[in-house]
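The chain contents come next:
Protein chains: 2
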Amino acid sequence: MKATNTAGYEAPIGLTADPVVFTLLDGRLCVLLARRLEEPQRGMFSLPGGFVGASEAPSETAERKLREKTGVGSVHLEQLRTYADPARDPRGWLPTIAYMALVRPETLPEETPAEREASWHPVDRLPELALDHATIVDDGIWRLHARVGDKVWFVRKALALLPEPFTLRQAQQLYEALRGEVVDAANFRRDMRGTGLLEDTGSQRSEGPGRPGRLYRRV
Amino acid sequence: MKATNTAGYEAPIGLTADPVVFTLLDGRLCVLLARRLEEPQRGMFSLPGGFVGASEAPSETAERKLREKTGVGSVHLEQLRTYADPARDPRGWLPTIAYMALVRPETLPEETPAEREASWHPVDRLPELALDHATIVDDGIWRLHARVGDKVWFVRKALALLPEPFTLRQAQQLYEALRGEVVDAANFRRDMRGTGLLEDTGSQRSEGPGRPGRLYRRV
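In the order they appear, the protein sequences are chains A and B. Yeah, the first sequence ends on 219 if you go by UniProt numbering, and it's all consecutive. Yeah, the second sequence ends on 219 if you go by UniProt numbering, and it's all consecutive.
The hints are simulated quantities; they were obtained by calculation from the structure and are not laboratory data. Be a bit skeptical, because a hint or two may be false.
Capping the alpha-carbon separation at 20 Å, the derived lysine to aspartate or glutamate pairs in EDC-like fashion look like this [what the hints assert, rightly or not]:
id, chain 1, residue 1, chain 2, residue 2
1, B, Lys157, B, Glu128
2, B, Lys157, B, Glu176
3, B, Lys151, A, Asp191
4, A, Lys151, A, Glu164
5, A, Lys151, A, Glu176
6, A, Lys151, B, Asp191
7, A, Lys151, B, Asp26
8, B, Lys157, B, Asp26
9, B, Lys151, B, Asp191
10, B, Lys151, A, Asp150
11, A, Lys157, A, Glu106
12, A, Lys157, A, Asp191
All of these numbers come straight from a predicted model, not from anything done at the bench.
Chain A with its partners taken away, still in its complex shape:
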């Protein structure tokens, strides 16, 4: 299906906005999905987005749809990328603007809209996703890998996922899960201290065998 419009231009049949919301759960990077209650591909898991209204900024739509479909409240959404391949949606030419956020797992309330099954899914074990949402999630993972490579961004934004105080070992586990690769512990510790954004609480905590770890918080 193609659309024409009253303004005389070739035009998309609409515009959607899709939030890609990540968290760390049990040490694994997860993304928030919900089942589609509408056609096409009703019943499949997808990103919890929807149609942008004519008087709404797309980022507002992404936040509104996220709330309606999953119960997740206000989050900081960063624009990820726009997908506008004419063949991406069976309904017609329907571009979507994707947004990305990184939140704590408890941001998803226990009570969520019925039938939607809003839930966290490990990115390395995703169900089949509607439309081109698997591609969008994949691009989000790559953006996250890149963002986290900036140690200052990591401390300022990603470390907010850990309850304070935390050890540098916990910070490293988070970093490795979000970065998608293992890092050298000594280099990591030096880089963390080098940001000047961590404060040593003076306390320590034992985490299994080995020396207890010093406890830090973000300044």
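Chain B: place on chain A using the hints.
Same frame as chain A, but now just chain B:
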């Protein structure tokens, strides 16, 4: 003006794609602009973009419009950001997907489409731009600053702007212009060698007073 469409959704009146093409000219960061030959804001300088056709990927549109309006041939366009504020265009709800490229100045041919005045403009002395194009250019500059901060990206992509062989002093001048800040020469030289992506030609060249500079090329 708002549009409705035959598919029954609230829909934009169209979709455009705008290329933000940068170069370094006489040591200054410049962006490629062309005059609008159509309403609205006919005659003003703007990014050389245009309407996406229903069977065209927006990146293809950006490249096609760039060629039609400026004569610049195929370039590597990276998606920058999408602007979809309902008020951004007086014609109605008209989102645009912006793309970014970094090219040599001679990529702009001497013979360009008449009346368009396709030309390089230093980013710190831009004319008044149509629509929200000043914002788009500004976002492009910030993206470029961020990209260049990655030394590997700088060597692989940005150094292609310099004729080979070049001195590290030339490389530093390029870096500072694209990065938007002055850097320490010793650190810069160490970082450049650290990428392992530069080859010492064994030759040297005098550039004014002081020791002649070693000449390098990219591996």
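Practice task
Against the structure, test the hints numbered earlier, and report the numbers of the ones violated in rising order.
Solution key: Of the numbered hints given earlier, those the structure breaks are 1 and 7, listed in rising order.
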